[in-house]
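Going by the numbering used here, the first residue of the sequence shown is number 9, and it counts up by one from there.
It is worth saying that the hints were derived from the structure and are not from the lab. Among these hints, one or two may not hold up.
Dumping the calculated EDC-like pairs for lysine to aspartate or glutamate here, alpha-carbon to alpha-carbon at most 20 angstroms [stated by the list, open to error]:
#1 K97 - E80
#2 K52 - E69
#3 K52 - D39
#4 K97 - E24
Computed from a prediction, not measured in an experiment: that's the story for all the values here.
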Amino acid sequence: MMLYQEQLQQQVPRTEHILVAIDHTAWARPDAQTLKDRTHEYQKGCIVGQGYSTIAWIPEEQGSWALPLLHERISSGSSPILQAASQLKLVCEQSVNPILAVLDARIWQCNLGISASRYSS
9 MMLYQEQLQQ QVPRTEHILV AIDHTAWARP DAQTLKDRTH EYQKGCIVGQ
59 GYSTIAWIPE EQGSWALPLL HERISSGSSP ILQAASQLKL VCEQSVNPIL
109 AVLDARIWQC NLGISASRYS S
């Protein structure tokens with residue numbers, strides 16, 4: 009993250025917003041009985057495994073790539089939204105630019121217990 013922050017300071021004017029995206033991803037590990045801190049995660053249904061939260065810098069309006077600033081496992085004592093908030097706070101504290109963040113809808117669904125099918129089109 010610190011390397012990317014240095015690049016941002018060199019390439020982006022201080023008054024320009026930086027776009028970051030935050031996503032929650034589940035890693036299914038149902039048979040890993042010795043793996044510590046497995047949780048119930050949502051990924052096309054409920055699975056047993058570990059959740060991860062990634063915050064990435066989206067450097068261009070056009071294109072399909074992003075630069076991950078932080079990628080962290082979500083412990084059983086936390087939640088996707090709490091992990092996302094912690095990551096966003098850290099990025100905001102380190103940035104000289106204003107931050108505009110977009111979050112995966114599933115982060116909110118997991119926190120509120122809302123079914124994803126409710127939002128399907």
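Right, here's what the structure says about each hint:
1. A hinted pair counts as satisfied when its Cα atoms are at most 20 angstroms apart, and K97 with E80 qualifies at roughly 14 angstroms.
2. Of the supplied pair hints, the one linking K52 and E69 is violated, its CA atoms being roughly 29 angstroms apart against a limit of 20 angstroms.
3. Restraint check: the Cα-Cα separation between K52 and D39 comes to about 18 angstroms, which is no more than 20 angstroms; the hinted pair holds.
4. Pair hint K97 plus E24 holds up; C-alpha atoms about 18 angstroms apart against a cutoff of 20 angstroms.
Against the hints set out earlier in the document, a violation occurs for number 2 only.
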